[in-house]
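Enquirer: Chain by chain, the residues run as shown.
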Amino acid sequence: MNRLKVKKNNDMRKKIVLYGLIGTFVLFFGMTACAPDYETDFEVKSLVVPDRSLIPVTFPIEGGKSVAEVQTNVDFKNWTATSNAEWLKVEKQEKQVVISAGMNDAFTPRVGNVTIAYGHQSYTIDVLQAGKLPSMLVDGQKSEVYRSVSARDTTISVVVKSNMTLDHILIPDSANFVHVESITDVTGSTDEKLVTFMVDRNIARKPRYCTVTFQSSENHEQTASFVVVQAEMRFVEIPLRVDMLSTNATEPKEGPIQNLVDGRSDTYFHSLYSSTINEMHYF
Amino acid sequence: MKKYSKNIGLILLGFALFSCNSYDFEQEQYKNEVNLLSNSQMIYDRQVADLRKDPDTIYLVAGLSGSQNSNRDFRVAVVPADSLLRAYNKSNFDIDTVRYAKLLPEECFSIPSMQGVIKAGETQVRLPIYLRNLDKLSPDTAYFLNYRIDPSKTDAYNPNKKEVLLRIYMENEFSTTKQNVYYNYTTSFVTTLDVNNPLVRRPTSSNQLFPLGSNSVRMLAGDEEMGDYKNALNRINERSIKVTVGEKTAKNPMARHVTIEPYKTLDVVQMPPVDMYDNTFLINIISTPDGRSTYYKEFRLHYKYRLNPDDPYREVKAILRMEYSPRAELL
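Here the protein sequences line up with chains E and S, keeping their order.
Quick note, this note's numbering runs 128 ahead of the 1-based positions in the first sequence.
Quick note, this note's numbering runs 31 ahead of the 1-based positions in the second sequence.
Think of the hints as simulated: they come from the structure by calculation, not from any bench.
Where is the CB? At the ideal position from N, CA and C, for every residue including glycine.
Keep in mind that a hint or two might mislead.
Derived lysine to aspartate or glutamate pairs resembling EDC-like cross-links, with alpha carbons at most 16 angstroms apart [as the list claims (entries may be wrong)]:
| id | chain 1 | residue 1 | chain 2 | residue 2 |
| --- | --- | --- | --- | --- |
| 1 | E | Lys270 | E | Glu349 |
| 2 | S | Lys193 | S | Glu64 |
| 3 | S | Lys209 | S | Asp76 |
| 4 | S | Lys282 | E | Asp254 |
| 5 | E | Lys223 | E | Asp179 |
| 6 | S | Lys84 | S | Asp166 |
| 7 | S | Lys282 | E | Glu214 |
| 8 | S | Lys167 | S | Glu138 |
| 9 | E | Lys289 | E | Glu320 |
| 10 | S | Lys282 | E | Asp233 |
| 11 | S | Lys282 | E | Glu349 |
| 12 | S | Lys348 | S | Asp254 |
| 13 | S | Lys279 | E | Glu214 |
| 14 | S | Lys184 | S | Glu64 |
| 15 | S | Lys62 | S | Asp186 |
Over 10 angstroms on every C-beta distance to chain E, these chain S residues come out as not near it, computed from the model [what the hints assert, rightly or not]:
| id | residue |
| --- | --- |
| 16 | Tyr90 |
| 17 | Glu137 |
| 18 | Pro143 |
| 19 | Lys150 |
| 20 | Arg233 |
Work out the full structure: start from the sequences and follow the hints.
Expert: As C-alpha cells, then:
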C-alpha cells in the first residue's frame with residue numbers, strides 16, 4: 129500500500145516537472161516571438177516647407193524676389209522646385225527656394241504657383257503679380273454718358289481714352305441701328321481715339337436706346353460705355369385743303385368735291401354716274 | 032481491434048503521402064497554339080489612341096495558349112481581312128447601312144511588319160500599328176482594323192481565334208470616344224437676342240463632348256438637344272460647335288485661350304470675353320482650408336449662334352465643367 133502511494137507521488141512530481149518545463153518554454157517563446165527578425169535602420173526622408181513660407185507671395189508690377197524655406201534631409205539633387213508659369217522663375221538653393229518675377233507689362237494681374245516636392249511630399253506656393261493700371265473712358269467717363277440724337281439718319285462721335293488697345297466695340301444685336309463708321313486718332317494725343325457711329329433713322333413712334341461698350345483684349349474687365357438715345361419719329365398734322373383734292377369724275381347733279389372737307393355731315397361728294405368717261409374713275 | 036485500426040491508419044497515410052507523386056504537374060495541360068487577342072466577340076477594344084501624338088502606337092497582340100511556355104519559337108503572320116467587320120455590321124445594324132462601322136482609312140495607319148515570332152519561353156508578340164491623321168475621322172463613326180492569321184506563315188493556331196477586329200478609339204485631354212464624356216452647365220445663360228422677345232434660359236443640363244483633334248472638341252451649341260444619338264447625325268451637324276484650345280493666357284497659366292467655330296453649318300460668332308465667360312479652358316482647382324482639393328476641367332465660353340438665317344441670335348454665356356482626378360489621369 130505504501131509502495132503504491134510512493135509511486136503515485138513520483139508520477140505526480142514527474143507531471144509537475146513536465147508541465148513546468150512546457151510552461152517555461154511557452155513563456156519563453158511568447159516573450160521572444162515579437163522581437164524583430166532583423167534589425168531595421170531606415171532613415172526617414174522628409175521635406176517640409178514651413179507654414180510661414182507657404183503664405184501667398186505678392187509681387188509689385190516691377191517684379192521682385194521672395195525666398196521659401198525648405199527643411200529637408202533629402203539630397204539636394206533629389207527634391208524639386210518648379211513653376212507653372214514662364215514669367216515665374218524659381219532657383220533651388222541649399223535649404224531654400226528663391227522665387228522671382230520680372231516686370232509685368234500686361235494690364236492684368238497675373239498668377240502662378242511654385243511647387244516644391246519630394247515624391248508625394250509636395251507644397252504649393254501661390255504667387256500674384258500686379259499689372260499695369262488699365263483705363264478706359266468715353267468722353268471722360270466710364271459710364272453714364274448719354275448721347276441724344278434725332279429720329280433722322282445721323283452720325284455721332286465720342287472720344288475714347290485708353291492706355292490699352294481698343295479692339296472691341298460691342299453693339300447689342302437687339303439695338304443694331306447703331307453702326308461703327310470710323311475710328312481715328314485724335315491729333316496731339318496718343319491715347320485717345322475718335323470713334324464715329326452712324327445711326328439709322330427711327331421710324332417708330334417711341335424712342336430707342338443702344339448701349340455701346342468699348343473693351344480691350346488686354347483687360348476685358350475694364351470697359352467703358354455710353355448710351356445712344358434716339359428720339360421717336362414725330363408726325364406733323366397737316367390740315368387737308370380743297371386744293372389738295374382732285375377727281376376726274378364729279379357727278380354734276382350731286383355734291384362737288386369741296387364738300388369732302390367742309391366739315392359738315394349733311395353734305396357729300398358723289399362720283400360720276402350720269403355719263404361715262406374713257407378711263408377709270410379716280411379720286 | 033486497436034492494432035487493426037492502427038494498421039489501416041498507416042496504410043491510408045501511406046496512400047495520402049505517395050498518391051500524388053505519380054501525377055506530373057509540370058506537363059502541358061492544353062496545347063500551344065497561336066491566337067489573336069480579343070474578347071468573346073472577337074473584338075479587341077482595350078486600346079485608345081492619343082490624338083496628341085502623331086503617330087500614336089497601338090498593338091495587334093498574338094498570344095500563345097497552353098499552361099506552359101513553349102520551348103520553341105512560333106511564327107505569326109497576319110493579313111488584312113473584312114469578314115468580321117461585315118459580320119459586325121450585319122449583326123448590329125442589319126439594313127441600317129448609314130450606321131455601319133468602317134475600316135480605318137489607309138491614310139490613318141501603317142503597320143511596319145505583318146509578321147512576328149513568339150519566342151521560346153514567351154507567351155505573346157505585339158505587332159505595332161502606327162496611327163496618324165486621326166483628326167480626319169468622325170467621332171460618330173466606329174472604326175476598326177480587321178486582321179486574320181495567315182495560315183501559310185503561322186505555326187499551329189487556334190481556328191476560333193484566328194481573326195480579330197481592333198476597335199480604334201480616340202482621346203485627347205478633354206474627351207474620349209471610349210466612353211461618353213459629359214460636361215455640366217453651371218452658372219450659364221442662353222439669351223435670345225430679340226428686342227421683342229428677350230428670352231433668358233438657364234441651362235443646368237450636361238453637354239456631351241467628342242474629341243476631334245489633338246486640342247479640339249465638338250459640343251452642341253447652347254442648350255440644343257441631340258435627341259437619340261442613333262438618329263442624331265443631322266442634328267449634330269446642324270447644331271454643333273468646334274472648340275479649339277490654344278495657348279496659355281498671360282494672366283493665368285492654368286487657363287488657355289479657346290477658339291469657337293462652327294462644326295459644320297451652324298452660324299456661330301465668338302464674342303468678346305465678359306466677366307467670367309472669357310473664352311478660356313481652365314483647370315480649376317477648388318481647395319478647402321483643410322487641404323483637400325477638387326479638380327475641374329472648365330470651358331468658359333461666350334458666343335452667339337442661330338440655327339436659321341432669319342432667327343435672332345442666341346447669346347451663350349456658359350461654364351461647362353467636369354470634375355476629374357489628376358492622379359487617375361496619370362494611370
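Enquirer: It remains to establish, for every hint, whether it holds in the given structure.
Expert: Status of each hint after checking the structure:
| no. | hint | verdict |
| --- | --- | --- |
| 1 | E/Lys270 <-> E/Glu349 | holds, 12 angstroms |
| 2 | S/Lys193 <-> S/Glu64 | holds, 10 angstroms |
| 3 | S/Lys209 <-> S/Asp76 | holds, 9 angstroms |
| 4 | S/Lys282 <-> E/Asp254 | holds, 14 angstroms |
| 5 | E/Lys223 <-> E/Asp179 | holds, 15 angstroms |
| 6 | S/Lys84 <-> S/Asp166 | holds, 11 angstroms |
| 7 | S/Lys282 <-> E/Glu214 | holds, 11 angstroms |
| 8 | S/Lys167 <-> S/Glu138 | holds, 10 angstroms |
| 9 | E/Lys289 <-> E/Glu320 | holds, 4 angstroms |
| 10 | S/Lys282 <-> E/Asp233 | holds, 11 angstroms |
| 11 | S/Lys282 <-> E/Glu349 | holds, 12 angstroms |
| 12 | S/Lys348 <-> S/Asp254 | holds, 11 angstroms |
| 13 | S/Lys279 <-> E/Glu214 | holds, 10 angstroms |
| 14 | S/Lys184 <-> S/Glu64 | holds, 14 angstroms |
| 15 | S/Lys62 <-> S/Asp186 | holds, 12 angstroms |
| 16 | Tyr90 | holds, 32 angstroms |
| 17 | Glu137 | holds, 41 angstroms |
| 18 | Pro143 | holds, 37 angstroms |
| 19 | Lys150 | holds, 37 angstroms |
| 20 | Arg233 | holds, 19 angstroms |
Checked against the numbered hints listed earlier, the structure breaks none of them; every hint is satisfied.
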